[in-house]
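Protein chains in written order, with our numbering: chain A, 1 to 259; chain B, 1 to 152; chain C, 1 to 262.
Keep in mind that the hints were calculated from the coordinates and are not lab data.
Among these hints, one or two may not hold up.
To be verified - Ranges between beta-carbon positions, derived for each pair:
(1) C:L118 / A:T207: 36 to 42 Å
(2) A:L247 / C:G135: 55 to 61 Å
(3) A:W257 / B:A23: 30 to 36 Å
(4) A:G230 / C:G149: 21 to 27 Å
(5) C:G149 / A:A65: 32 to 38 Å
(6) A:W16 / B:A23: 55 to 61 Å
(7) A:S232 / C:Q87: 51 to 57 Å
(8) A:A228 / B:S53: 55 to 61 Å
(9) B:G141 / A:T77: 29 to 35 Å
Unchecked claim - Residues of chain B clear of chain A, computed beta-carbon distances all greater than 10 Å:
(10) S4
(11) V22
(12) P57
(13) V65
(14) D107
(15) E117
To be verified - Stretch by stretch, here's where chain C covers chain A in the computed footprint (C-beta under 8 Å, at least three residues):
(16) 158 to 166
(17) 192 to 199
Every residue gets a Cβ at the ideal spot worked out from N, C-alpha and C, and that includes glycine.
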Amino acid sequence: MSGTPLQRLGRNASEWIEALGQVMAFAGAIASAIVRPPLRGRRLLREIYDAGVLSIALICGAGFAVGMVLGLQGYTTLVRFGAQESLGAVVGLVLIRELGPVVTGLLVIGRAGSATTAEIGAMVSTQQLDGLRMMSIDPLHFVVMPKALALLFVMPLLSSLFTVFGVFGGYVIGVQLVGLDGGSYMASLENAVDFRDDVLQSLVKATVFGALLGVISTYRGYRSPPHAAGVSRSTTSAVVTASVWLLLTDYLITAFWGV
Amino acid sequence: MQSSATRDFIVGLFVLAGLLAVAYLSTVLGGLSYRGDGSFRLVAIFDDIGGLSQRSPVKIAGVKVGQVAEIALDEDLRARVALDLDARLELPVDSSAAIRTAGLLGDQFVSLEPGAEDELLAPGEFFTYTESALSLDKLVGRLVHGDAFGDE
Amino acid sequence: MQGSPPEEVHVELECVRLAFGEREIFKDLSCQFARARITVLMGGSGTGKSTVLRMIGGLQRPDSGQVRIAGDDVASCPEAEVQRVRQRLGMLFQEGALLDSMSVLENVGLPLREHRGLGESEIRDAVHERLAAVGLEGVDDLLPGELSGGMLRRVALARAIILDPEIVLCDEPFSGLDPPNVERIEALFSELCRMRGLTLIVTSHHMASSLRMSDQIVLLRQGRALTGTPGSLATSGDPEIADFLGSDGAALARQVSADVAT
């Protein structure tokens with residue numbers, strides 16, 4: 001590229017802003033497709049199956065494992081202050097406010113997000129989307145909208161399942177391994193967790209992450225170059241972009257939730 | 001597309017499981033039920049609330065009956081704590097509210113002791129008898145200076 | 001070819017200009033496609049044959065010029081209008097472009113399901129009728145991945161004609177097919193054209209079948225179009241054209257001259 005480093009920086013910045021605008025326009029198009037009939041219930045169910053049901057084993061397994069690790073780490077830290085009775089609270093709060101939505105989000109990006117980008121990209125390169133256009137069917141409405149909506153819908157459900165399994169994982173460690181009283185684990189957990197501060201924040205984060213993922217993964221697939229190498233590149237970049245935005249939004253929501 | 005009837009059923013199960021998880025987190029853990037229907041509010045004034053915070057539990061005989069709704073400073077610069085309590089509670093006018101600690105380094109909560117009078121506290125009324133949070137350094141100070149520790 | 005009824009112009013391109021960045025595809029492209037005839041679009045690689053089809057289908061807008069379908073210019077009208085005109089078109093893509101997660105029955109029936117409020121059994125009957133017309137039976141539940149090349153093209157053709165369009169656009173329908181399949185598709189095209197009065201616009205590299213089945217050839221060269229019947233082009237005397245048509249062209253030229261002589 002020509003020009004001084006400053007000129008190039010300026011050009012990159014304006015390209016980035018332009019890309020941002022395109023993504024916003026795409027998101028708007030998806031939103032208007034959602035409210036336009038037909039409902040596409042059949043396809044939506046299939047997408048929820050692909051994005052949600054097929055991720056369950058991964059999410060619940062990961063949730064349980066993370067919960068166990070939190071239980072272990074939490075215990076060894078709290079025991080230094082003689083505060084091991086609060087293990088339930090620590091495990092629960094960390095899972096509900098942060099790890100539930102964030103880890104679930106990253107896992108879903110890797111599994112369902114990349115699959116979505118790859119599938120749409122493959123449809124672009126085999127002219128399936130052009131085929132739909134020639135049949136006067138809007139590919140955004142037929143293909144993109146059900147996939148994006150499914151990701152949005154599935155995220156809070158998966159995040160909650162992750163969290164529940166995580167709490168249980170921490171319980172198993174706390175009670176079986178370390179010998180805490182199960183009742184006080186649950187009691188400290190129930191006392192510490194509040195719906196408005198914690199659970200609602202968790203659900204809002206998960207839903208926002210789902211929306212982000214839905215838009216980014218479908219956008220990358222839709223705009224993918226129509227050949228195998230291009231699809232592969234789009235898929236990788238979708239995972240990276242979605243992950244970065246997820247972590248950024250996580251910080252923003254966390255910071256502004258208390259305000 | 002394989003058998004869509006079984007697949008739809010599985011999707012339904014998945015959504016149900018997810019919603020149950022959400023519900024569990026919201027009500028059992030989050031204490032969602034103490035908001036909204038059937039709670040009534042009483043107020044207690046303390047000199048020192050210690051580590052008490054919003055949504056700290058309120059207990060009678062160790063059983064949770066409500067939570068702290070609001071903490072503010074009143075005109076006398078004392079802590080004004082509003083409590084959201086289960087609507088079924090009937091507390092006599094001479095009941096007392098004390099701030100206690102669960103365990104040595106545990107969370108603080110408001111412990112209520114019912115009084116003996118016949119007349120009951122109505123919504124919005126104040127507790128006559130309150131006991132502030134005990135702070136360790138004040139206790140030590142009193143011990144050193146030979147004061148007894150007691151209530152107002 | 002001789003003695004056929006006067007030709008009515010169905011699709012027409014006029015003074016079309018199109019460039020992709022620096023690369024100019026069409027300088028000043030004008031050509032006509034007659035109703036109820038088979039026209040083959042020919043030209044070397046990169047001359048823009050598929051692009052012409054995409055312009056007719058409204059998937060690509062030219063930089064300037066007109067693309068008229070029965071008088072309606074799709075180059076300049078809004079997207080909603082283009083959607084309306086598309087109902088009169090069917091397109092057969094190079095690799096079929098069937099939706100790979102849906103069965104043959106669902107793929108071919110998709111336009112009916114979306115645009116006509118027909119019941120399930122009516123859709124099934126219509127699909128079976130078109131599949132029979134392209135010589136396929138009992139393939140309802142197969143997925144596109146399970147079909148052979150020839151079968152895939154024929155299913156895609158069935159889908160292209162399911163709404164009874166007036167015009168069918170076919171992009172390289174013979175590429176990658178073995179001779180028996182090429183003949184089968186050729187026969188299908190002729191049948192569809194004569195029986196249903198379809199206007200067929202086909203792009204092809206396949207010299208022999210193009211010369212055999214077409215009523216008219218549009219040759220794309222240097223961003224412009226040359227139109228003529230197979231016979232007239234074969235005997236045109238232009239060395240470049242003769243070169244392009246190759247041995248099949250030479251054989252046809254001899255046959256035409258022999259016909260003329262008798």
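Hint-by-hint comparison with the structure:
| no. | hint | result |
| --- | --- | --- |
| 1 | C:L118 / A:T207: 36 to 42 Å | holds, 38 Å |
| 2 | A:L247 / C:G135: 55 to 61 Å | holds, 57 Å |
| 3 | A:W257 / B:A23: 30 to 36 Å | violated, 21 Å |
| 4 | A:G230 / C:G149: 21 to 27 Å | holds, 24 Å |
| 5 | C:G149 / A:A65: 32 to 38 Å | violated, 47 Å |
| 6 | A:W16 / B:A23: 55 to 61 Å | violated, 42 Å |
| 7 | A:S232 / C:Q87: 51 to 57 Å | violated, 36 Å |
| 8 | A:A228 / B:S53: 55 to 61 Å | holds, 57 Å |
| 9 | B:G141 / A:T77: 29 to 35 Å | holds, 31 Å |
| 10 | S4 | violated, 8 Å |
| 11 | V22 | violated, 5 Å |
| 12 | P57 | violated, 5 Å |
| 13 | V65 | holds, 13 Å |
| 14 | D107 | violated, 6 Å |
| 15 | E117 | holds, 30 Å |
| 16 | 158 to 166 | violated (count 0) |
| 17 | 192 to 199 | violated (count 0) |
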